[in-house]
Every structure is written in structure tokens, then in C-alpha cells.
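K.L.:
Go ahead and model the full structure; you've got the sequences and the hints to work with.
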Amino acid sequence: MTETPTPPQRRSAHTSTRDLERYAGLFAERTKVMRSSAMRDLMAVTARPEVISLAGGLPDTSTFPPKSFAAQMTRIAQESAAEALQYGPTEGFEETKDCILQVMGAEGMLPDPEDIIVTTGGQQAIDLVCKTLVDPGDVVLCEAPTYPGAVPVFCSYQADVIQIECDEEGMRIDELEALLDRLADEGRRPKFVYSVPSFQNPSGVTLSLARRRRLVELARLHEILVVEDNPYGLLRYSGEPLPPLYQLDGGDFVVYIGTFSKILSPGIRLGWAVAPPPVMAKIVLGKQASDLCTSTLTQYFVHEYFAEGQWQSYIEDLIELYRGRRDTMIEALREHFPAEATWTEPEGGLFLWATLPSYIDTGDLLAKALRADVAFVPGQAAFVDGRGRNSMRLNFSGVGDDEIREGIRRIGKTIAEQVELYGTLTGEQPAAPKPVVADEEQGDVLPFRKAGEA
Amino acid sequence: MKVVVLKGGRSLERGVSLRSGARVEDALERLGHEVVPLDAGSDLVRRLNEERPDVAFVAMHGLGGEDGTAQELLEILGIPFTGPGVAACTRCMDKVLAKHAMREVGIPTPDFLAFNQTAFRELGAADSLSQLEQRLGFPLVVKPSRGGSSLGVKFAASAAEVPQALISAFSYDDRVLLERFAAGRELAVSVLGDEALPVVEAIPADGDSYDFEARYEIGRTSFVCPAELSESERAAVTEAALGTYRALGCSGFARIDLILGEAGPQVLEANAIPGLTDTSLLPQAAEAAGLSFEQLVERILDLALQPSAA
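Quick note, the sequences are listed as chains F and C, same order.
The first sequence: position 331 = 469 (the numbering used here), numbered continuously.
The second sequence: position 211 = 250 (the numbering used here), numbered continuously.
No lab work stands behind these hints: they were computed from the structure.
Any given hint could be a false lead.
Here are the simulated distance ranges between beta carbons [what the hints assert, rightly or not]:
no., chain 1, residue 1, chain 2, residue 2, range
1, F, Glu188, C, Pro265, 40 to 46 Å
2, C, Arg160, F, Arg327, 53 to 59 Å
3, F, Arg168, C, Ile242, 21 to 27 Å
4, F, Glu232, C, Thr318, 46 to 52 Å
5, F, Ala322, C, Ser269, 53 to 59 Å
Given the structure is predicted, the values throughout are model-derived calculations rather than measurements.
Every residue gets a Cβ at the ideal spot worked out from N, C-alpha and C, and that includes glycine.
P.N.:
In C-alpha cells:
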């Protein structure tokens, strides 16, 4: 770094503001809803190495044995180099679909391989579903809060996104029902309901069995699709497994999205979608236009990995690891978060959702927390309408127990300062400190409070 | 010439600073300078000592880079640098200091009151809130005294919203100000050397001047340069901006943000190191004055190396 190398032909970047205006005249309508903001700049600071980040959605890939990774890749290089370096079919390899069938089978699903497409991560599957189904102005329904990464996808297809409140049993299906009726009265048929039913990102809550049944019934009744995004289904740490929507529905009105990101690696960018044949035909065309095919090399890696027959025991290791971290985080929350705060206690997945007193804006709180070198995702990112300002998403999978404890301690201290200051400003006494409950999980389960509620 | 470009740092405006810095580096390279990019971290002084540049281009925004901290180090090391010195940085960064300085020389700025956390925590300042709300009226604007972009700036439409707005503002700084809301056109006057560049007007797309965040989202605010102003309006606005620039002791360049209302211009704040990204206002204004970005950067560098500039 003593001398900056001068790349010989570096483009004379962003020449002038006039240029920007010239390009702006070329931008598609949909770019107007793609937003950048001061808050996004703030998130750039969370990447500093000294920051304990509970903001990411990262699985812990450090436990994956480098030796077996090396062996698998070597085998590919020695035995299938030419094929692994070549294009592959748009739908993905049959061998990859076999692996997918194993994963879905572990949750009781048995789709027709013809209905499966291998995608570049689950994220591409969301994109392809929107590309296939959404015209500008079409109604898309999702949970409130919803997966923050889905919001920009919906927006870029100019969907009219309507969010449905959640409670501790997941999406309020009674509200969905009322909404569907109202929309029907207005002559509008939503294209789909997007849901992460198990250990939802960001809230951590799981849709109850009764609501699952009712949701697929409603989809059938109104002839709309449910897009079931299930990245964490196999990462259950407590409680009884629930059938996926796909299984309950049989696949007529459910488009299923899965991924290897959380059970193997997000870096390989390998996900999939399962859809009824007519929908799948269009998704394949969309995929062809997007990127022709999913990385052949990483599909080969997954074949090799599954051939070893250890994938389930790796998931068991992850479950062990993440269960511990979840418990550590909940314990730390009980110790360090003020009595005014509530949080969800997820039975699986990577996240929990904390709700603070309504006067605390977690975007501003993040600025303060960053001064203490700790980060989280402000809740607003999970809403399309500015709600969620007093909530936050906390990730417990990406960092170790010590960092979780310390991170939560720092955030708790930051919140406590704001609570105390508010008390001073308004003359209200903050609530008495919460007694630490030493009980097991069920001892102090706090309800999932609806965002925006006082 | 060997130019170190200081950027990044720990500030909350790190992202903007990195973009400003990258663009300045490009321009300096095209101008034929030897460019050393430097993300300001704990090794800053060591790196500066190693590099011994002819001049440092400070492209840092927010605390640490725009508040005089980096400038102080550069002065100690005897390295000439772009933009204002320590004193001006300190005054510009702190809106309370800046507004006092403006008031002293008769530059119109919206009426305000400032508090630090201690006043609330230990001296019972909360009891005075209703009085000051009476004085300022509603809506009022609550801002952290030291902070950049729109971060932590909140409107309070009624007394009930004030505590919450204060909590937000206190997230960024231990001192906050409550300011009377100034209605009018939003203008930015960039100053280069001792001259005012053409005025930029910010027009919120949806007419919502209460939404500060909109200003940072492309497409939600449009910028017009030069702003359509009558001759007397332009004169009043320019005079207020240049007066502020002098009162705060700025040098090299700065951007003065003001509101043009019925009673004339009211200065909100001065930015000691305004953004230099491709969507920033200073480069837009320079361009309207016929200066390319390279010419702007070269001029800023020249100003830093003038004997009087320090």
C-alpha cells in the first residue's frame, strides 16, 4: 500500500453530475423504488472488524471441515473437470434434484423432480417467482415484519406490497382472510402470499399448524399462490416439527423455495424452487433469461457432499451449535435488556426479534450502539411502510457465545440509557427491573408483540 | 505532486466519505498526481509519516474527519491539507457553536435552544421544556448538535413528540438543539475560495419537506442548479452564505444550507467538508459555474497550498 498502482486503462469513473442526469433519463421506472438511504450508509459502518455484528444473517461456516471440502473438490477436479466447468441445464442437474429430494424428504415432502428448478440461491427463486407473476401494481401479501431481503425484490417489480400482522403464532390468518375479502370487493386478486412459516426471518416465530392449514385452504379458495420460503425448516432446536405448507397443500397452490445456504453454505449460492408445472414452465424461461443455469461447479460440489452421506449429521452439529447460541442470547437478553423490552424465543432458525418501547427509534439506537461497537438490524428494514421503528432483528448464529453475551450487554446498556433519559424527559419512572428467571425455556416466554404497538 | 486522500474513518458517514474519496482519487490521478488513498484508522499518523505527502486531501465527513480531529493531526505533522483548519471545523461541525457565531455577526438563523444530556439528567431541564416549546412554537426541529446527513434529525409536531425526538437526537451527540421550523425554499450555497458558486435548490418530489430521509434518496428529491432566484433574492442568499463562511472561519470550500422564506434567508448550517460524490451538491454547483470535477479538485488543492490558506 506504499504506492498506489495505477491501473493502465481504468475507466474515468463517474465523470460529472451532468452524466448522472443523462443516465437518469434512461433509468426504468422500477429504479425509482430501489432506495438508498442515509440508514443504509450507516449499515456500512457495521462492517468494521471491531464491531460485534448481530446484524448479519450468516450461518457459521467455520465448522465445515476443510479436509472434506478439499477432498470433495479434488475429486471433482480429477474425475469430472470438463463437465464441472461446462454449462448445465437451466433446470439444474438431476443429481442436484436428488439431493434436494433428500432435504425435502427430511421434512416429509416428496415433490416430482420435474417440478423442481435449481436456482442461484433462494434469493433468485424469490426474484423468479416475482418475474413470473408480478406486473406493476399487482398486490403481493407478506408478513409484517417480512424478510428484509424480499422487500427490494417486491419493490423492483413494482408490486403493491401489503403486510399482514404477526403474533407469536405467525401470520394472523384472520387478518389475511379479512384482507382477501376486502381485496375481492375491490376487484383485486393478489398474486401470492409470501411467507416464511418456520422460524421466520426476521421475527423468529413459527406459523402454527392450525394457521398453516387455514392458509393453504384460503389459497385454494381464492386461487392464489402461497410462496413458502423455508430456509431454516431443518434447523429446529426445540418443539415438535410442523408440516410445511407444501406438504399440507400437496403442491397445487404452494410454490416452495428452499436453499442449501443455511444447512451447508451460502457461498455456493444454491437454492431451488418447486412449483406447479404451468408455473414452473414460466419460471424456467425466466431463469434462462436471467443466467442460463446455476453454477455447475457448485452443483457438483453438492453431489459429492451428499454422496458422502454425512449431510444430516452436519445439520445435527449445526443444531447443537445454534441451540446453544440461541439460549445464550435469550439468557443475555433477560439479564441485560430493560423490563420494557420484549423478544421472541424462536424454536429454530437464526434470528429473534426484540421490541422496545415505542419512543425508541432503533435506527438512531444503532448509531449509538455503533459507538459501543455493536450492531443489529433496525426493524424498519422488514416493513415497506416505515413501521417497525422500535424493533430490531438479532442474529444468534453468526458469532460465538462470548460475543453474543457481550453484544447483548452493550445493546442493553445503550437501550437502558435511552429508557432512563426518556423517564427524565417525561417524568415517567422506568419499569422495575425484570427478575431473572432461571427456569427452562417455558419459564419466561414473552409474547411476540406486534410492531408499532405501544 | 504526492497527494494523500484521507477518507472513511469511524464516522457514521463513512460510506459517503469512501465515495467522496474514491471520486477525488480518480480526479487526482487524471490530473497526473501521485495518489495515496488512506482509510483513516489507528495507523493514520504512522502512515502519514511514512508517506510524507506534499498535501493531504481530506475527504472525510462527520466526526473524526470534519470536526477538526484529523486536521489537528495534520497540523502537528506539518502536512498541508485541503479545506478548513481545526477552528473552523470545530465550529461548523457543532451546530450550536455555528449558530452562536452566526448570531454574533447578525446572520439570520432560526431561533433555537440547546441542551446537553447533563442538563436533563442532573439539572431538571425537562421542566423547562414547555417554556421553550412556547418560545419556539410547533412544529419544531430537533437535531443532534454534531451530526451529519439527516441522521437523528426529527420534526416534532406537538409537545408530545418532543421527548421521543430528543431520544433520537441524543443517540448521535450529547448535545442537541431544538430549532424553530423555518418554512421556505431549501437552498445550498457552495463556496469555493471566497466566491459563491451558483445556488442549488432542493425540491422534495412529494412535497414533503418534513421527511429528511427523502433528501438522501435519489428520485425523491430533485435538485435545480442554478436555482431560479430574483436578483435581490440571489444577492441576499449569497451575502448570508459568504457571511457565514467568514464568520465560521472556513477556508478552501464549504457548503452553506439555508432556507429562503418570506422574511429572507435563514442559515441552517455550514458543512466544512461537503460531500464530493457524484450526487453531492458542491460538484453540481461547480459544474454550473463551468468547473469540471477535475478543475474543482485542482482548485481545492491550490487553495490548500496557498500560503494564506493555513
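K.L.:
Please check whether F/Glu188 and C/Pro265 have a Cβ separation lying inside 40 to 46 Å.
P.N.:
For C/Pro265 against F/Glu188, whose Cβ atoms are near 45 Å apart, the range 40 to 46 Å holds.
K.L.:
Mind checking the hinted window 53 to 59 Å against the Cβ distance between F/Ala322 and C/Ser269?
P.N.:
holds, 56 Å
K.L.:
CB of F/Glu232 to CB of C/Thr318, is that within 46 to 52 Å?
P.N.:
holds, 49 Å
K.L.:
For the range 21 to 27 Å, tell me whether the beta carbons of F/Arg168 and C/Ile242 fit it or not.
P.N.:
holds, 23 Å
K.L.:
For C/Arg160 and F/Arg327, compare the CB-CB distance with the range 53 to 59 Å and indicate the outcome.
P.N.:
Because 56 Å falls inside the window, the suggested range holds.
The structure meets every hint from the earlier list without exception.
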